[in-house]
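J.: Throw the hints in and build the complete structure from the sequences for me.
Each chain, letter by letter, is given below.
There are 2 protein chains.
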Amino acid sequence: MPIAQRSVEKLIGLVDGNMQRAGGQKISLPILTPTGLWKKTGRLEGDISEFYMVRDRSGKQFLMSPTHEEAVTAMVATTAPISYRQLPLRLYQIGPKFRDELKSRFGLMRAKEFLMKDMYTFDVSEETARDTYSRVSAAYDRLFKQLEVPFVKVNAATGMMGGSLSHEYHYVSPVGEDTLMQCSACGFAGNAEVLDSATTECPNCRSSQLSQVRGVEVAHTFLLGEKYSKPLGATYLNTSGKPQSLVMGCYGIGITRVLASALEVLSTDQELRWPKLLAPYDVCLIGPKQGSKEQQPAEAVENELLQHLGQICGAQELLHDDRKELTIGKRLLDAKRLGHPLTIVVGARAVQQEAPKLELHVSGGEKLELDISEALKLVAEHSRQKKSLLAGRVREVEESRISQSIGHQL
Amino acid sequence: MPIAQRSVEKLIGLVDGNMQRAGGQKISLPILTPTGLWKKTGRLEGDISEFYMVRDRSGKQFLMSPTHEEAVTAMVATTAPISYRQLPLRLYQIGPKFRDELKSRFGLMRAKEFLMKDMYTFDVSEETARDTYSRVSAAYDRLFKQLEVPFVKVNAATGMMGGSLSHEYHYVSPVGEDTLMQCSACGFAGNAEVLDSATTECPNCRSSQLSQVRGVEVAHTFLLGEKYSKPLGATYLNTSGKPQSLVMGCYGIGITRVLASALEVLSTDQELRWPKLLAPYDVCLIGPKQGSKEQQPAEAVENELLQHLGQICGAQELLHDDRKELTIGKRLLDAKRLGHPLTIVVGARAVQQEAPKLELHVSGGEKLELDISEALKLVAEHSRQKKSLLAGRVREVEESRISQSIGHQL
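Each protein sequence line maps, in turn, to chains U and H. According to my numbering, the stretch in the first sequence is residues 518 to 927, in order. According to my numbering, the stretch in the second sequence is residues 518 to 927, in order.
Bear in mind the hints are in silico, worked out from the structure with no lab data behind them. Just so it is clear, CB atoms sit at the ideal spot from N, CA and C, and this is done for glycine as well. Where hints are given, some of them may not hold.
Claimed, not checked - If you want the footprint, here are the derived chain U segments under chain H, 3+ residues with CB under 8 Å:
1) 520 to 531
2) 536 to 544
3) 568 to 577
4) 610 to 620
5) 689 to 702
T.: If you want it as structure tokens, here you go:
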């Protein structure tokens with residue numbers, strides 16, 4: 518729907534920025550991948566109950582791709598010979614993925630169709646592939662700090678994806694479907710899959726304060742090696758002109774899942790709360806009710822505010838609730854439901870003779886009474902904080918919330 | 518691939534801007550639509566050989582949607598009762614569509630999977646739906662003028678989509694698969710489907726200068742009426758609180774097809790040419806070859822240019838070809854292939870004692886020799902032209918290229 522779509526587009530912009538800083542080039546892979554490619558990599562041999570498969574009019578079979586390792590590797594394999602000089606290649610896309618889940622649930626959290634950012638990297642050697650892994654991981658760390666939702670990064674099993682090194686990013690939430698082991702003494706965290714989930718001893722600090730929490734997996738990184746490039750013949754020409762298998766990595770972020778689970782973690786029963794950079798609008802402005810006795814003078818204030826706000830936070834970040842036929846209370850309720858970071862109300866008190874005040878609702882429950890210039894200052898401060906986050910100046914307090922993890926020993 | 522992807526993203530941004538100016542709100546509909554919905558509207562009764570169909574693990578059947586009238590109408594039908602006050606609704610998305618073509622060809626021009634912008638509008642009456650039709654059509658006209666590729670707008674048959682009024686936007690090209698009738702006397706144009714293709718008499722000016730040309734359909738608008746809202750029960754509450762069928766329209770633009778066919782129309786055998794607003798980069802900068810005797814002084818010029826160009830056209834619009842191991846000639850050939858609007862070469866003549874000159878290649882074949890300040894002026898002029906186009910100041914010359922059409926008599 519339009520409101521959430523705005524948030525999705527902001528997240529896409531944020532991810533684009535971070536991927537491009539990590540040397541990523543955006544591409545677009547077909548949704549349909551011939552099953553023949555998956556046969557070559559052996560990935561049709563396991564449990565395929567989650568795959569949507571479709572045949573075209575000629576009988577050729579395709580997967581509605583749940584992931585694109587085969588597609589991108591086959592594409593790279595069929596391009597003109599790649600020279601070592603052209604590497605590393607870091608290709609990514611943002612698009613729909615499909616998984617025929619037995620139990621889809623929690624809306625966007627586990628849907629059969631979902632939006633993913635998937636990056637595939639191609640290097641000359643395991644060593645440079647590890648450099649790439651560090652660089653992309655750093656971009657992930659930066660992104661998740663920019664979102665200001667506490668996250669844990671854990672060592673993970675490589676599973677059906679294969680490869681030698683893997684990390685998961687989790688949001689801790691009771692609705693999470695993964696079990697994480699977290700140490701309250703040193704902050705260490707790991708996926709229960711790769712640890713002994715019966716133990717309470719922390720493998721890092723040896724304290725006995727390891728306990729289970731639930732996590733929502735929002736991102737995953739893999740060092741894949743030659744698992745896909747070998748069977749699909751994706752090679753490059755080395756310094757002596759000889760073809761050699763490309764060394765790959767893949768890096769996913771669940772775009773719609775990040776959004777849904779961030780809202781889940783941040784919100785209360787009373788109020789939706791968004792990561793600062795993902796709120797659909799920064800400011801909601803509610804003017805006087807039609808027919809109220811303050812309508813005319815209050816509208817003058819409203820119009821003045823509209824102009825100033827447009828300049829401060831950008832017109833596209835301003836939601837003007839001009840349904841004047843509704844009471845302020847009714848519109849304020851809608852605004853609370855949508856969880857705007859700042860909601861400004863121009864009511865009767867905005868036009869009183871002595872010390873006129875705007876009502877300002879800050880996401881998180883605070884309600885302030887401010888004069889116009891104070892209100893505008895608050896909006897400007899919000900915009901400044903956003904700009905600062907976008908520039909990568911993430912708060913130290915966020916940094917300390919991140920559990921020290923095996924990943925940091927990379 | 519990355520270069521074309523940049524162009525696609527620019528086109529998406531341009532389309533977003535124009536749709537939002539026309540009151541559009543962006544949404545995202547699922548790719549899979551239950552076939553049950555299509556049964557209700559009767560659209561599974563015709564030729565379904567172009568549909569990709571898939572069943573999930575429970576046996577439920579879905580279409581990989583070639584279009585989304587059913588999906589969006591069912592969605593609107595199941596939201597809370599919509600009041601006449603909330604209308605019109607103009608919802609659009611940009612996403613992949615699927616058609617199991619018998620003959621896919623010309624790459625992105627007719628592919629089985631392609632990117633579409635599809636808008637669906639909901640109005641209280643046929644009359645207001647016609648207002649919506651005019652407003653969205655105006656947004657389409659503006660967009661196609663911004664692209665600066667000559668187009669014709671013709672009255673069209675409504676076909677499987679149904680409805681009462683329809684127009685197509687075409688690029689004229691020998692690779693086009695539609696036959697248009699165009700009058701060289703008055704500029705009138707129509708689709709041969711709705712005219713008598715044997716006649717040479719123009720139905721507009723009665724001259725006998727009507728002849729056939731080939732067109733690539735790049736966009737299509739339909740006034741749908743109640744064809745979908747009736748069977749799917751999509752209603753609103755009128756002023757007396759009674760439910761009434763919504764009156765719909767739908768409006769498509771083939772995103773990837775616009776790009777492919779614009780390139781087809783504009784390019785020559787020697788050189789790719791992009792619409793100004795869609796070129797992947799505005800400027801390509803080629804510096805001296807490594808080891809050449811002018812390398813050092815020329816690199817000083819190159820660095821100076823890099824800084825200035827970044828400021829003038831934005832760093833993201835600048836492609837710096839720093840493959841210094843390649844000759845200038847080889848890199849210039851690549852630049853020509855990619856068809857950058859401006860390519861600047863810093864070679865030996867850039868550092869000669871007397872009247873140093875940069876070589877500047879303008880898309881379309883012109884090669885200029887300019888000093889730095891002249892070159893920068895040209896880049897600034899290009900950026901100014903782009904800004905002007907983005908602001909909707911389309912050239913009058915483009916306007917006159919548009920055939921007068923039945924559509925203009927709306």
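J.: Each hint needs a verdict: does it hold in this structure or not?
T.: Checked hints:
Residue count for the segment 520 to 531 of chain U with a Cβ under 8 Å from a Cβ of chain H: 4. That meets the three needed, and the coverage hint holds. With 3 residues having a Cβ less than 8 Å from any Cβ of chain H, the segment 536 to 544 of chain U passes the three-residue criterion, so the hint holds. Only residues whose beta carbon comes within less than 8 Å of a beta carbon in chain H count, and the segment 568 to 577 of chain U has 5; three or more means the coverage holds. Note: the segment 610 to 620 of chain U has 5 residues with beta-carbon separation from chain H under 8 Å; the three-residue rule is met and the coverage holds.
Counting residues of the segment 689 to 702 of chain U whose CB falls under 8 Å from any CB of chain H gives 0; the rule of at least 3 is not met.
Checked against the numbered hints given earlier, this structure breaks only hint 5.
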